[in-house]
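S.K.: This is what each chain is made of:
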Amino acid sequence: MDNVRQLFQYILSGLSNGAIYALIGFGFAMIYNATGIINFAQGEFVMLGGMLTVFFLAAVKLPLVPAIILAIVVSTIVGIIFERLAIRPLKNAQPLSLIIITIGASIFIRGVAMLIWGKDTHVLRDFSGNDPLYLAGATILPQNLWIFAITVLIIVASKIFFSYSIVGKAMRACSYNPQAAGLAGVNVNNMVLLSFALSSAIGALAGIIIAPLTMTAYDVGILLGLKGFCAVIIGGMSSGLGTVIGGLLLGLLESLGAGFISASYKDAIAFIILLLILFIRPEGLFRKKETERV
Amino acid sequence: MEVFMSRRILGIVFVLFFSFLMAGTVLAASPLKIGALFAVTGPASPLGEPERNTAVMMVDEINKAGGIKGQKLELIVEDTQGDATKAMQLVNKLIKNDKVAAIIGPSTTGDTMAIIPVVEKEGIPLIACAAGNKITDPVKKFVFKTAQNDVLAVTKIYKYLQSKNMKNVALITVSDGFGASGREQLKLHAGEFGMTIVSDETYGPKDDFMTAQLTKIRDSKAQAIICWGTNPGPAKVARNVKQLGIKLPVFMSHGVSSKKFIELAGDAAEGVMLPSGKVIVADQLSASDPQKKELLNYVSKYRAKYGQEGDHFGGHAYDAVMILKKAIELGGGSPAAIRDQIEKTKNFAGIGGIFNYSPQDHAGLTSDAFVLVKIEKGDWKLVK
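In order, the protein sequences belong to chains A and B. Per my numbering, the first sequence starts with residue 1, numbered consecutively. Per my numbering, the second sequence starts with residue 295, numbered consecutively.
None of these hints come from the bench; they were simulated from the model. Keep in mind that this is a model prediction, so the values were computed, not measured. Where is the CB? At the ideal position from N, CA and C, for every residue including glycine. Some clues are possibly wrong.
For lysine to any residue, the following SDA-like pairs were computed, each having C-alpha atoms within a straight-line distance of at most 25 Å [to be verified]: (1) B/Lys587 with B/Glu343; (2) B/Lys675 with A/Asp131; (3) A/Lys119 with B/Gly404; (4) B/Lys453 with B/Lys380; (5) A/Lys119 with B/Gln635; (6) B/Lys327 with B/Lys393; (7) B/Lys553 with A/Ile116; (8) B/Lys500 with A/Leu135; (9) B/Lys515 with A/Leu12; (10) B/Lys380 with A/Phe127; (11) B/Lys515 with A/Phe260; (12) B/Lys553 with A/Leu12; (13) B/Lys553 with A/Phe127; (14) B/Lys515 with B/Ser469; (15) B/Lys515 with A/Leu135; (16) B/Lys599 with A/Asp120; (17) B/Lys366 with B/Ala631; (18) B/Lys599 with A/Ala59; (19) B/Lys554 with A/Leu12; (20) B/Lys500 with A/Phe260; (21) B/Lys554 with A/Asp126; (22) B/Lys387 with B/Lys515; (23) B/Lys541 with A/Phe8; (24) A/Lys61 with B/Glu557; (25) B/Lys541 with A/Asp267; (26) A/Lys61 with B/Asp673; (27) B/Lys587 with B/Ala643; (28) B/Lys366 with B/Glu623; (29) B/Lys500 with A/Trp117; (30) B/Lys428 with B/Lys587; (31) B/Lys500 with A/Ser264; (32) B/Lys500 with A/Val60.
Examples of chain A residues toward chain B, derived with CB under 10 Å [said to hold, decoys possible]: (33) Thr214; (34) Leu224; (35) Gly284.
Over 12 Å on every C-beta distance to chain B, these chain A residues come out as not near it, computed from the model [as the list claims (entries may be wrong)]: (36) Pro63; (37) Ile99; (38) Ala263; (39) Ile277.
Construct all of the structure, not just a fragment, from the sequences and the given hints.
M.R.: Right, dumping it as structure tokens:
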């Protein structure tokens, strides 16, 4: 009985952590699908979301909801500036150069955050109390439910956006063939900018909803960014269900591994999975093999 | 050629002569230089910042009162950033360029261990503000410390558990120097107090969730949880304990004995107990406590100057400055004399406890230096 209860708790904890990874992975997928580059600064937007919310709450004394909205808006603006200053001027560069630029940007953003807010850890209070809810002997926090709900909402919204709206379709077109999309009348530059804006906003939102659980500091973006990257790799860089399942799977394996093997290997598990996927199924678990994407 | 050589030698002699002369006059008028190494920025800044503030405040106060026997002190503060390599460079700078007579700090055990060979070789007395047992065990001739040893904190927790008839404990420690040292001491001394360690978990300093480890602990036979780490890890542990609905008593180390822990852990901090220096509960001590006067004095001075509560860590620097002051008063300003006088410190009721140094003991405190405090309504409450 005890073992069953324990297993159930690991699964529940794993899924709730996995939802966070999925949401962060989602930001990666969005930029990748519009531009073909992997934005390693994604984790920094997660950090910005959390830190800005704390800042607006504590220093500017705004109520929670306006603070969250403002944090998302400011992060989005940072994302737009990043695209305009660092990505667009190098439009014809190789994706590899652009990826290296995103790494540079992430170090820059982290450094600025450290200078502005210092190295202290900060905490955001839970949206709706922190008394645990009991579920068949296992427990979960109300904040975890918020995370599940927001993740589902974002995924459904983006599915609709990419499949049915004209702008979403245009963004997808740009990723397949920017030249052809341009000829068909799509403003490629604007689509790239939009993808950066959207992914910064989603990253910031992820950072805000997890800050009550994990706390936030100038350097939380590194590890969370990497976990999100694992999730999206498992999911085959899709901006749909693949990444969600990738994130949940990663959270589950981490939690079960920490529980039944050893907590010391928790991060190792995530990265071993990442390596295995890259070696064995670089196209992700759920994507059909494609020949060259032209 | 000959003429040239002798002129050059003459020149050197002149320069040397003048520099000696200058040095002599400067020495007579200049204040006695004291070095200070603190981790003012970086991950250990919750330790180093109050230490720096306190040291500066105390030296100012000594100088305002006319110095020590008319000689003023000059405190040269350097920031190690909690980095042992930096600490090495800075200790060499303090000794070789600034020619300090004694050094207080560093803030962390890692920094301190790195610079011990240097101060030993140069013969400069060091009063460390870090907690690791190995700083003064075995005893090093020039090295003293004011922070309480880990083992005293461990003893305090185990004694309390013993008095409550609890035998099975679960450990959750951080996998860094502080946590590893605590874990070692906890395991080493468990037998003496009849404790059985039923679960021994660790977590990484940057981990976001400790739910997996705590789920194991929840289903073990543990009667109490002991967590050893510095912020923010223990705050996450406290939150995860609450999240998992665990009702066991939670003990933390003296590493979280600052208000930051209560701020980070929020409601989850309620009921957590930890060993701490007496300074955070100074006003709750009985009037007969020999440290009470000094503690209240320090707390009010610190508040007046910096607008914050003086804490446990600042206390280490306070004690270091006071012990140093006394030593200089008695033996003068040469490094060797300062060392000898520090070793003779007896019954000094400071912030960290009552210090009694001897040639065999350069840590100088007993387990009375710690009190057990409980967090109630977001504040510290002395457990009697």
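S.K.: With reference to the structure, classify each hint as holding or not holding.
M.R.: Hint-by-hint comparison with the structure:
Restraint check for B/Lys587 and B/Glu343: the C-alpha separation of about 24 Å stays at or below 25 Å, so the hint holds. For a cut-off of 25 Å, the pair hint linking B/Lys675 to A/Asp131 stands: about 24 Å separates their Cα positions. Between A/Lys119 and B/Gly404, the direct Cα distance comes to roughly 20 Å. Compliance with the 25 Å bound is thereby established for this hinted pair. Taken as a hint, the B/Lys453 and B/Lys380 pair is broken in the structure, with Cα atoms around 39 Å apart against an allowance of 25 Å.
Between A/Lys119 and B/Gln635 the alpha-carbon distance is near 39 Å, which puts this suggested pair outside the 25 Å criterion. Of the supplied pair hints, the one linking B/Lys327 and B/Lys393 holds, its CA atoms being roughly 7 Å apart against a limit of 25 Å. At most 25 Å may separate the alpha-carbon atoms for a hinted pair to count; B/Lys553 and A/Ile116 meet this at roughly 22 Å. Our distance criterion of 25 Å between C-alpha atoms is broken by B/Lys500 and A/Leu135, whose separation comes to about 29 Å.
For the hint pairing B/Lys515 with A/Leu12, the CA-to-CA distance comes to about 22 Å; that is within 25 Å, so the pair holds. Among the hinted pairs, B/Lys380 with A/Phe127 is inconsistent with the structure: their alpha-carbon atoms are about 42 Å apart, more than 25 Å. Restraint check for B/Lys515 and A/Phe260: satisfied, since their Cα atoms lie roughly 17 Å apart, inside the 25 Å limit. A distance of roughly 32 Å separates the Cα atoms of B/Lys553 and A/Leu12; the hinted pair therefore is violated under the 25 Å criterion.
Straight-line distance between C-alpha atoms of B/Lys553 and A/Phe127 comes to about 23 Å, which keeps the hinted pair within the 25 Å bound. About 23 Å separates the Cα atoms of B/Lys515 and B/Ser469, which keeps this hinted pair within 25 Å; it holds. In summary, the hint linking B/Lys515 to A/Leu135 is supported, as the alpha carbons are separated by about 22 Å, within the 25 Å threshold. For a cut-off of 25 Å, the pair hint linking B/Lys599 to A/Asp120 stands: about 22 Å separates their Cα positions.
A C-alpha spacing of about 18 Å is found between B/Lys366 and B/Ala631, which places the hinted pair at or below 25 Å, so the restraint holds. Taking the CA atoms of B/Lys599 and A/Ala59, the gap is about 23 Å. The hint holds against a cut of 25 Å. Under the criterion of a C-alpha separation no larger than 25 Å, the hint pairing B/Lys554 with A/Leu12 is inconsistent with the structure, at around 30 Å. Restraint check for B/Lys500 and A/Phe260: the C-alpha separation of about 21 Å stays at or below 25 Å, so the hint holds.
Restraint check for B/Lys554 and A/Asp126: the C-alpha separation of about 18 Å stays at or below 25 Å, so the hint holds. For a cut-off of 25 Å, the pair hint linking B/Lys387 to B/Lys515 is broken: about 53 Å separates their Cα positions. At most 25 Å may separate the alpha-carbon atoms for a hinted pair to count; B/Lys541 and A/Phe8 meet this at roughly 19 Å. Under the criterion of a C-alpha separation no larger than 25 Å, the hint pairing A/Lys61 with B/Glu557 is consistent with the structure, at around 17 Å.
Proposed proximity of B/Lys541 and A/Asp267 is contradicted: the alpha carbons are some 28 Å apart, above 25 Å. As the CA atoms of A/Lys61 and B/Asp673 are separated by approximately 24 Å, the hinted pair is consistent with the 25 Å bound. Under the criterion of a C-alpha separation no larger than 25 Å, the hint pairing B/Lys587 with B/Ala643 is consistent with the structure, at around 9 Å. Between B/Lys366 and B/Glu623, the direct Cα distance comes to roughly 12 Å. Compliance with the 25 Å bound is thereby established for this hinted pair.
A hinted pair counts as satisfied when its Cα atoms are at most 25 Å apart, and B/Lys500 with A/Trp117 qualifies at roughly 19 Å. Between B/Lys428 and B/Lys587 the alpha-carbon distance is near 31 Å, which puts this suggested pair outside the 25 Å criterion. Of the supplied pair hints, the one linking B/Lys500 and A/Ser264 holds, its CA atoms being roughly 12 Å apart against a limit of 25 Å. Taking the CA atoms of B/Lys500 and A/Val60, the gap is near 28 Å; set against the 25 Å cutoff, the hint is violated.
Contact between A/Thr214 and chain B, as hinted, is supported at the beta carbon level, the nearest pair being about 4 Å apart and thus within 10 Å. The closest approach between the C-beta of A/Leu224 and any C-beta of chain B is roughly 8 Å, which is under the 10 Å cut-off, so the hint is satisfied. Look at A/Gly284: its Cβ only gets to about 25 Å from chain B, farther than 10 Å, so that hint breaks. Under the 12 Å C-beta cut-off, the non-interface status given to A/Pro63 relative to chain B holds; the minimum distance is some 18 Å.
At roughly 24 Å from the closest C-beta of chain B, the C-beta of A/Ile99 stays outside 12 Å, upholding its exclusion from the interface. In this structure A/Ala263 is not separated from chain B by more than 12 Å, as the shortest Cβ-Cβ distance comes to only about 5 Å. With a minimum CB-CB distance of about 22 Å to chain B, A/Ile277 clears the 12 Å threshold, and the non-interface call stands.
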